[in-house]
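Visitor: Letter by letter, the chains look like this.
Number of protein chains: 2
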Amino acid sequence: MKLYDMRVAPNPRRVRIFIAEKGLDVPRVEINIRAGENLEPAFLAINPRGLLPTLELEDGTVIDETTAICRYFEGLHPEPPLLGTTPLEQAMVECWNRRIEFDAGQPVIDAFRNSYPPYAERAIPGRSGTAAIPGLVERGRARLADFYPAIDRRLGESEYVAGGHFSLADITLLCIVDFAVAVKLPAPEGCAHFARWHAQVSARPSAQA
Amino acid sequence: MKLYDMRVAPNPRRVRIFIAEKGLDVPRVEINIRAGENLEPAFLAINPRGLLPTLELEDGTVIDETTAICRYFEGLHPEPPLLGTTPLEQAMVECWNRRIEFDAGQPVIDAFRNSYPPYAERAIPGRSGTAAIPGLVERGRARLADFYPAIDRRLGESEYVAGGHFSLADITLLCIVDFAVAVKLPAPEGCAHFARWHAQVSARPSAQA
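Chains as they are written, first to last, in the numbering used here: chain A, 2 to 210; chain B, 2 to 210.
These are calculated hints, taken from the structure and not from any lab test. Any given hint could turn out to be false.
When chains are identical, the list treats them as one kind, so a pair holds in a single copy or across two.
Mimicking SDA-like on lysine to any residue, the simulated pairs with C-alpha atoms at most 20 Å apart in a straight line are [to be verified]:
#1 K3 <-> L89
#2 K3 <-> P88
#3 K3 <-> P28
#4 K3 <-> E90
#5 K185 <-> V138
#6 K23 <-> L58
#7 K185 <-> S203
#8 K185 <-> V9
#9 K23 <-> A204
#10 K3 <-> D60
Can you make the complete structure from the sequences, with help from the hints?
Guide: Pasting the structure below:
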């Protein structure tokens, strides 16, 4: 088994943290997206979609979606559960994970990939020849501005994103907001509940993965 | 339990088909997105994100992401399984479902919502005041043009999208491609495997749901 990874990208980090929480160790191969290694023939022969993270199994099976890789490890190593245990918990972890992807992840990626000069012709991950659209930068910022107060309210009523237990939804939020800081889209001042949660999950050893 | 639904929208249809495959019957409330009912105070009081489908449980819990609603029903009613049974099957259903959402669903929605006049200021589902960006129409069409031959190849080697069993990945693909036809973005001529698959899944009684 092999994990094609990139140190500074948010989705690969989600998988690394998930694996660390499970106490697993998976061999990693670093692929430099910024340098375009994910679009070179050698990597496209493994994953024609050119996306990271990519998990390659011994028989050559490729799993190239973050949450699908996490679900695979959850099935093989159920403890500690990171995708919920009861049907309602499982639904709420999935729901919060999706909410964060749609309300925060897509806006951050839109704002970043449509303004970062090296991606001027690579605005869509895994794809060459897609020109940046400057209007998506403002759209992304506006959506993100609405997201932070909403997640701050949520974290004022709940210890973790999806309820009383640490889950993939926390991992997703942590990776997106830390990436947002790196690309100069930090949370506004005054989100005290969000700050409490951020300090708490950042202190877990897995956050260094 | 109540499902807030819209007859002609692709994501609510995914849930209706999923429920029909399970042999369940859930009371529906029709919300007209085109007329903006999802952005009116009455609906926002139920779901502040303004999105459909929304499942409201007896205790007021709201699940407002399509795949999370499906996962809830899968947990309560495991038969027939639509999200896979082994860890690898579960990962591959999730992986194909996500691939289709990203490679086809997002392009179709981008192309539609940024060109349909009633959504000129509602380019993002569930949100008011987001202006259309015409450049996303061309971007969506280009991505979709790459998707159809890729899924045609896949359906030449596999009976269903994620393997030998009908799953949520088939439901997602069916709802997206039927919606694409409705908004004048049909598959190109000559995708014979895709056409075989489309006839096969459209013949299931659930496709009428």
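Visitor: Can you give the numbers of the hints that this structure goes against, from lowest to highest?
Guide: none
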